Amino acid sequence: MILSSIIQRIVLATVESGGLAQPETEPVISSDVVVATHHWWAGFILYLPLISLILCGLCAAMKVKSKLPAWITTVCLLGSFVLSLLLYFDYGGSPELIPLLSWINLADPGGNFSGLSANFTFYIDSLSLLWIMFVTGLGTLITFYASEYMESDLGKGYTRFFAGVSVFLFAMVALVLADNLLMLYLGWEGVGFASYWLIGYYYQRPAAVAAAKKAFIMNRIGDLGLALAIYLIWTTFGTIQYDELMDVIQSGSWKESYDGWTIDAIPWFLMLAAFGKSAQIPLYVWLPDAMEGPTPVSALIHAATMVTAGIYLVARTYEFFLLSPESLHVVAWVGGVTALLAATIGLAQHDIKRIMAYSTVSQLGYMFLGLGVLSTYGAAYHVFTHAFFKAVLFLTCGAIMHGFAGQLDLRKLSGLIRIPGWRITSIAMLIGCLALAGFPLTSGYFSKDAILAEAFITQGPGFEALGWMAIFTAFLTAYYTFRVWFRVCAGKVEYEPGDEHHGDDDHGHHSEAFHPHAPRFAMNFVMAVIAIGALAASVPYFMDTKADEALAGGWVADMVHDSTAQGGLPGLDRHGQSMGDIVEHGHAGHQGEGDHAHPTLFGMDVHTAMYVISGVVGGLGLLLAAWLHLFRRQDADRLKAFLQRHWWIAWLPRAMEHKWYVDEIYQGLIRAPLWIASHLMYAFDRFLIDGLLVDGIARIPRMVARWFQPLHNGIVQSYAVTMAGGVALIALLMILFLQFWKIGGGG
Amino acid sequence: MIWGWILLLLPIAGGLVVVGSSARAAKSIALLTTLATFGASIAAAIEFDVWGTGDFGLVSSIPWLPEVGINLSIGADSVAMMLVLLTTLLMPLAVLGSWTAVGERLKEYYGWLLLIESAMIGVFLARDLVFFYICFEFTLVPMYFLIAIYGGSGRARACVKFFLYTFTGSLIALVGFLFVAWSYAETTGSWSFQIATLCEYASESLTLREQVWVLTALVIGFAVKIPLFPVHTWLPLAHTEAPTAGSVILAGVLLKLGTYGIFRFVLPMTPEAVVEWAPVLGILAIIGILYAGLICWVQTDVKKLVAYSSVSHLGFCVLGLFALNPMGLQGAVLYMINHGLSTGALFFLVGMMYERYHTRDMNAIGGLAKRMPVWAFFMVFFVLASVGLPGLNGFVSEFLCLIGTFAAGDSGSYPGVMGPWFAAFAALGMVIAAMYLLIMVGKIVFGSLKEPATDDHHGLPADLSAREITVLVPLAVLCVLLGVQPWIAMDAMVGSVNETLAAYPEIVKDAMQQVADAGSSVLSGGVNP
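Chains as they are written, first to last, in numbering that gives the first Met the number 0: chain A, 0 to 746; chain B, 0 to 528.
These are calculated hints, taken from the structure and not from any lab test.
Be careful, since some hints might not be right.
Not close to chain A: a few residues of chain B, all C-beta gaps over 10 angstroms, as computed [what the hints assert, rightly or not]:
(1) Ala12
(2) Ser27
(3) Pro62
(4) Val67
(5) Ile69
(6) Thr99
(7) Glu103
(8) Leu105
(9) Ile148
(10) Tyr164
(11) Thr232
(12) Ile294
(13) Leu437
(14) Ser464
(15) Gln484
No farther apart than 27 angstroms at their CA atoms in a straight line, the calculated lysine-lysine pairs in the DSS-like style are these [unchecked claim]:
(16) A:Lys62 x B:Lys369
(17) B:Lys449 x A:Lys155
(18) A:Lys352 x A:Lys155
(19) A:Lys64 x A:Lys213
(20) A:Lys213 x A:Lys62
(21) A:Lys254 x A:Lys352
(22) A:Lys213 x A:Lys66
(23) A:Lys491 x A:Lys411
(24) B:Lys369 x A:Lys66
(25) A:Lys62 x B:Lys449
(26) B:Lys508 x A:Lys64
(27) B:Lys369 x A:Lys213
(28) A:Lys352 x A:Lys639
(29) B:Lys508 x A:Lys155
(30) A:Lys254 x A:Lys491
(31) A:Lys155 x A:Lys66
(32) B:Lys449 x A:Lys213
(33) A:Lys155 x B:Lys442
(34) B:Lys508 x B:Lys449
(35) A:Lys213 x B:Lys442
(36) A:Lys411 x A:Lys352
(37) B:Lys508 x B:Lys442
(38) B:Lys508 x A:Lys254
(39) A:Lys213 x A:Lys155
The structure displayed is predicted, hence computed values, not measured ones.
For each residue, glycine too, the CB sits at the ideal point set by N, CA and C.
Using the sequences plus the hints, can you model the full thing?
What follows is the structure, given as structure tokens:
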């Protein structure tokens with residue numbers, strides 16, 4: 000009965016929440032935000048992964064041993080993807096709110112504060128649409144791929160895997176479509192949890208458990224930043240809903256209560272959150288370890304979607320960064336330095352999946368560089384292209400790992416393209432490598448150039464040096480990328496199997512009769528589709544849906560334009576001015592230069608120059624890789640021997656191979672001291688607080704009692720009696736004292 | 000109203016029946032009684048017509064010693080009613096959870112369990128100070144025997160320490176109560192022990208110095224119960240040695256008597272003193288959060304780890320109480336319920352593991368997910384609820400407590416005496432909680448299977464039985480429900496919370512004004528950087 004009444008209230012509240020977007024207090028809903036209740040079906044983008052999770056749970060309970068969970072998940076995610084596309088085509092051009100369910104609503108009857116409300120409501124604008132489409136699209140494809148990849152675990156962890164993928168998609172959709180920071184936080188922690196779940200999928204392997212734990216804790220440090228940012232934003236602006244926040248910021252009404260430090264602190268905490276989730280310095284160390292998870296997870300979560308959540312967060316809250324432009328300089332530098340550092344580590348690894356992991360960290364660095372140099376569009380476009388080409392790279396790595404019994408060492412694999420059945424894998428990998436290396440006319444080429452050029456255009460502390468550094472990083476990227484491809488796919492056929500048996504008996508490991516089993520339909524199909532997507536991702540660059548606004552950058556720029564991240568678009572002087580009004584100290588961007596008065600580089604317009612330079616640099620890296628890893632592999636060994644022989648240089652490859660010892664430094668500087676401190680505290684707690692103080696004080700009454708009369712009865716009773724007696728004495732004294740004191744006070 | 004008395008007397012009656020019956024029937028009778036009490040509390044909750052307001056329902060009074068103003072008067076506001084519901088929900092689960100774990104002196108065991116249920120319900124229902132205090136103290140006796148008879152190997156020391164420590168604390172609180180009652184009698188010429196009367200009198204008529212003394216006495220008493228750093232050392236010992244049901248009751252309800260005491264007495268009785276001392280108590284709470292959290296990190300005994308985690312977690316609750324704003328206080332009340340659900344469940348789970356392997360040493364067990372997948376699922380689930388994963392219950396209350404603390408700066412929109420620095424340090428507890436709980440999970444749930452030699456799991460199935468799943472499912476369902484639809488509880492308590500806070504904005508503003516006038520910072524903690 001009470002249950003039914005509660006259910007009734009939930010239903011009522013849900014129905015009401017249609018009107019909850021405009022609660023009684025009548026908040027300022029910005030003129031161009033509409034409540035789109037007619038898009039109620041968009042809720043299923045969120046619900047379908049949840050339904051999939053529940054069905055997977057049922058499969059687990061019924062001990063299903065077939066591929067059913069994979070099909071359920073694929074179909075549900077496909078549904079989400081189709082709904083996302085429908086939503087995109089039905090999107091009217093102005094941001095929409097789609098209320099789903101009420102969550103936390105705190106109103107203050109005393110009117111002392113502005114109320115806190117965070118409901119399950121979607122905020123649909125072009126930025127969230129951009130993200131949701133590639134998230135659900137790639138999610139569907141990679142789930143389909145995993146249906147084959149994970150088949151050796153059928154009846155063991157198969158269902159658990161797809162349940163984890165469903166949790167991930169649910170949380171990611173919540174993160175991207177949230178209309179307030181708290182729902183974003185729900186998704187933010189949710190994807191972290193899904194990542195924990197899936198990294199630790201092989202839970203009997205200690206390395207996997209440790210990696211999962213590390214990822215969750217590192218992410219928690221980032222989450223702490225996000226939580227503090229939410230508190231700050233709420234206390235400063237009185238709301239955590241995007242539409243209201245944008246209105247408040249743009250109206251400038253917060254300035255009345257502006258007391259100087261909160262505005263400057265907000266972007267720093269947001270940054271901490273973004274750096275944790277997107278694996279930037281100083282919180283990047285979890286991502287390479289996360290490769291302990293199954294490869295489809297690496298492709299989906301740790302390359303294409305989850306790790307870009309940090310970029311999404313910064314883009315979504317870009318106005319806060321514009322209010323305190325110094326923070327953007329930090330974003331740019333952290334991004335640039337992470338890109339370089341991760342690339343140098345990637346140079347010296349032998350595990351192809353780890354190389355891809357470091358290249359992910361490096362590419363995420365580029366995206367932050369783009370955000371920092373006021374190119375949200377460049378960053379968003381790079382997220383978009385990277386999602387495809389890095390997904391395909393991981394999926395091909397996964398195919399290799401799957402076929403060669405876990406072998407990932409590029410020294411033990413060669414000439415894959417000549418082995419029958421591996422052609423699609425090799426070509427897909429080539430496409431991914433070309434795009435990652437920024438080979439001219441590939442998607443990565445355009446998106447990277449958009450960022451690089453902006454580094455030379457935007458004025459900031461050392462941005463030009465940063466630009467050159469990023470170009471050097473592009474050279475390294477091209478080199479290490481093709482090191483992988485030339486070693487693994489080209490050259491003469493030669494391979495050694497790994498030491499992992501997938502449970503199938505047709506190939507025992509280390510036996511002479513080892514035959515790699517090539518990927519079959521599902522994996523080949525998905526690799527081919529995503530590879531084509533990686534090629535086609537350069538098309539949007541030439542698609543101008545809004546030619547009248549003279550925006551360079553095509554479809555993605557148009558998408559960013561209509562969103563909260565528009566402050567970082569090139570050539571938008573209209574908006575640049577309105578931002579200038581808000582930011583008192585102003586920010587020296589180039590939005591004000593409507594006539595594109597770009598600085599020049601080698602006598603060319605920066606954009607043109609960048610096409611040339613990055614093309615040349617990418618080509619050089621590729622050639623160097625071809626020389627050392629395809630045509631004259633013995634030269635690579637000679638170079639290595641040379642480096643190791645000379646003490647003045649030998650430290651460099653060693654440091655790079657050991658990831659610059661960052662893990663060890665963290666271990667020594669943070670974990671170990673904290674560990675010792677904790678042990679000291681525990682000792683302090685037992686011996687000082689409990690032993691000396693508590694037991695000591697408890698002993699006093701007994702000692703006192705012993706003077707008067709030695710007690711010979713059971714220890715418990717005497718202890719109790721004397722203790723109670725002592726306390727009663729103290730109580731009596733206190734009463735007397737208070738009484739006298741009160742009388743004294745009254746007189 | 001009759002429901003309150005039924006709730007109070009039903010468990011006692013059941014207890015008497017248990018003692019008079021045979022040992023074989025004891026647990027069935029106990030289960031029926033606790034279920035009936037739960038049913039009665041649901042009926043009372045439906046009858047309870049003051050949800051969402053600040054009023055009291057189920058009000059009833061029987062004269063006892065009217066000449067000195069002592070009556071058996073009961074009644075509950077919505078906060079108390081929710082805690083009653085929590086208590087009556089946990090009790091049948093505790094009985095079910097002890098089904099196989101306790102094998103000897105059954106009648107006594109279930110008798111004590113039922114007696115403690117009455118005492119706990121009495122604490123929440125009491126509207127008379129003397130009645131409250133009797134129930135408050137009386138919870139100690141059954142718990143003492145539960146630990147002393149059915150506890151682990153170190154039970155002798157644990158139960159004595161538990162009893163004396165909390166008994167001493169409550170005696171000090173009694174002094175505070177008596178002073179207020181005596182002062183009331185001095186002023187008005189007649190005695191009264193009505194809680195509402197005394198609260199109103201104390202907040203209006205006591206001087207600041209008197210309020211500070213009363214506050215000190217009460218806080219010492221309740222802080223031991225919560226437990227707040229540095230008076231927490233009885234808890235790890237008692238929790239570790241108590242039988243599973245004892246730990247669940249201890250964590251689920253008995254610790255909340257402390258925070259409930261602060262909510263019911265300290266906040267309404269001594270508002271001016273609270274405003275002055277909240278920063279100090281806040282700092283103690285923060286020390287507790289970080290210090291106990293780090294200690295959890297180096298534990299090897301699972302049960303002790305969960306016990307220390309209670310010290311850490313309840314620090315958030317205390318912060319929320321002294322944030323003195325609706326966010327913080329609602330968060331704190333929610334925290335009481337949520338902590339009871341998730342930590343109670345964790346103690347059940349540890350108990351289920353202990354019953355099978357007879358060890359709690361994290362170095363001796365590992366990778367149990369392989370042997371007990373269902374247990375592993377629930378373990379991970381409740382750990383996540385405890386860590387504060389959004390979507391589950393722990394998150395909402397932790398978030399509200401922290402945002403309340405954060406906003407309680409003097410520049411905030413709601414005046415208060417803590418502020419961003421308090422919240423920032425306390426929030427570090429989120430990271431530490433993830434650290435120690437996930438390390439625990441990583442050791443005992445995941446990794447390669449490692450189990451001590453057992454002779455057939457001591458007669459239990461390898462994985463959880465249907466009975467054990469029945470214990471955990473209601474808690475899990477509530478964790479999800481309160482995580483996704485927390486307004487069910489929040490809307491219900493809003494009136495009581497606002498009633499309690501009604502006087503505070505003015506007092507805080509006055510205090511701020513005084514500080515500003517004096518030019519020196521008494522409230523140093525609340526000043527923004």
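Hint-by-hint comparison with the structure:
The beta carbon of Ala12 (chain B) is kept farther than 10 angstroms from every beta carbon of chain A, the shortest such distance being approximately 24 angstroms. At the 10 angstroms boundary, the C-beta of Ser27 (chain B) stays outside the reach of chain A, the nearest C-beta of that chain being 26 angstroms off. The beta carbon of Pro62 (chain B) is kept farther than 10 angstroms from every beta carbon of chain A, the shortest such distance being approximately 27 angstroms. Every beta carbon of chain A lies more than 10 angstroms from that of Val67 (chain B), the smallest distance being close to 17 angstroms; the non-interface claim holds.
For Ile69 (chain B), the requirement that its beta carbon stay farther than 10 angstroms from each beta carbon of chain A is met, with the minimum near 18 angstroms. With a cut of 10 angstroms on Cβ distances, Thr99 (chain B) stays outside the contact zone with chain A, its closest approach being about 24 angstroms. No beta-carbon of chain A is positioned within 10 angstroms of the beta-carbon of Glu103 (chain B); the least distance is around 21 angstroms. Against the 10 angstroms criterion, Leu105 (chain B) stays outside the reach of chain A, whose nearest CB is about 24 angstroms from its own CB.
Residue placement check: Ile148 (chain B) keeps its beta carbon more than 10 angstroms from all beta carbons of chain A (closest about 13 angstroms). Once the 10 angstroms rule is applied to beta carbons, Tyr164 (chain B) is inconsistent with being away from chain A; the minimum gap is 7 angstroms. The beta carbon of Thr232 (chain B) sits about 4 angstroms from the closest Cβ of chain A, which is not more than 10 angstroms, so the claim that it is off the interface is violated. The Cβ of Ile294 (chain B) does not lie farther than 10 angstroms from every Cβ of chain A; its closest approach is about 5 angstroms, which violates its non-interface assignment.
For Leu437 (chain B), the shortest C-beta to C-beta distance to chain A comes to about 5 angstroms, within the 10 angstroms cut-off, and the non-interface label is violated. For Ser464 (chain B), the non-interface assignment is confirmed: its Cβ lies about 16 angstroms from the closest Cβ of chain A, beyond the 10 angstroms cut-off. Non-interface status of Gln484 (chain B) relative to chain A is broken: a Cβ of that chain comes within 10 angstroms, the nearest being about 6 angstroms off. Between Lys62 (chain A) and Lys369 (chain B) the alpha-carbon distance is near 15 angstroms, which keeps this suggested pair within the 27 angstroms criterion.
With a C-alpha separation of about 19 angstroms, the suggested pairing of Lys449 (chain B) with Lys155 (chain A) holds against the 27 angstroms cut-off. The straight-line distance between the Cα atoms of Lys352 (chain A) and Lys155 (chain A) is roughly 24 angstroms, inside the 27 angstroms bound, and the hint therefore holds. For the hint pairing Lys64 (chain A) with Lys213 (chain A), the CA-to-CA distance comes to about 32 angstroms; that exceeds 27 angstroms, so the pair is violated. With a C-alpha separation of about 31 angstroms, the suggested pair Lys213 (chain A) and Lys62 (chain A) falls outside the 27 angstroms cut-off, and the hint is violated.
For the hint pairing Lys254 (chain A) with Lys352 (chain A), the CA-to-CA distance comes to about 50 angstroms; that exceeds 27 angstroms, so the pair is violated. Restraint check for Lys213 (chain A) and Lys66 (chain A): the C-alpha separation of about 31 angstroms exceeds 27 angstroms, so the hint is violated. Simply put, Lys491 (chain A) and Lys411 (chain A) have alpha-carbon atoms about 12 angstroms apart, close enough for the 27 angstroms limit, and the pair holds. This hinted pair checks out: Lys369 (chain B) and Lys66 (chain A) have alpha carbons roughly 22 angstroms apart, not beyond 27 angstroms.
Proposed proximity of Lys62 (chain A) and Lys449 (chain B) is supported: the alpha carbons are some 25 angstroms apart, at most 27 angstroms. Taken as a hint, the Lys508 (chain B) and Lys64 (chain A) pair is broken in the structure, with Cα atoms around 66 angstroms apart against an allowance of 27 angstroms. Our distance criterion of 27 angstroms between C-alpha atoms is met by Lys369 (chain B) and Lys213 (chain A), whose separation comes to about 22 angstroms. Under the criterion of a C-alpha separation no larger than 27 angstroms, the hint pairing Lys352 (chain A) with Lys639 (chain A) is consistent with the structure, at around 22 angstroms.
For the hint linking Lys508 (chain B) to Lys155 (chain A), the alpha-carbon distance of about 62 angstroms lies beyond 27 angstroms, and the restraint is violated. For the given pair, Lys254 (chain A) sits about 68 angstroms from Lys491 (chain A) by alpha-carbon distance, which is inconsistent with the 27 angstroms threshold. Restraint check: the Cα-Cα separation between Lys155 (chain A) and Lys66 (chain A) comes to about 12 angstroms, which is no more than 27 angstroms; the hinted pair holds. The hinted pair formed by Lys449 (chain B) and Lys213 (chain A) meets the criterion: a straight-line CA distance of about 22 angstroms does not exceed 27 angstroms.
Under the criterion of a C-alpha separation no larger than 27 angstroms, the hint pairing Lys155 (chain A) with Lys442 (chain B) is consistent with the structure, at around 21 angstroms. Distance hint between Lys508 (chain B) and Lys449 (chain B) is unfulfilled; the C-alpha atoms sit about 59 angstroms from each other, more than 27 angstroms. The hinted pair formed by Lys213 (chain A) and Lys442 (chain B) meets the criterion: a straight-line CA distance of about 14 angstroms does not exceed 27 angstroms. A threshold of 27 angstroms between alpha carbons decides the hint, and for Lys411 (chain A) with Lys352 (chain A) the separation of about 14 angstroms falls inside it, so the pair holds.
As the CA atoms of Lys508 (chain B) and Lys442 (chain B) are separated by approximately 50 angstroms, the hinted pair breaks the 27 angstroms bound. Pair hint Lys508 (chain B) plus Lys254 (chain A) holds up; C-alpha atoms about 23 angstroms apart against a cutoff of 27 angstroms. With a C-alpha separation of about 25 angstroms, the suggested pair Lys213 (chain A) and Lys155 (chain A) falls inside the 27 angstroms cut-off, and the hint holds.
The structure fails to meet hints 10, 11, 12, 13, 15, 19, 20, 21, 22, 26, 29, 30, 34, 37 from the earlier list, while all remaining hints are met.
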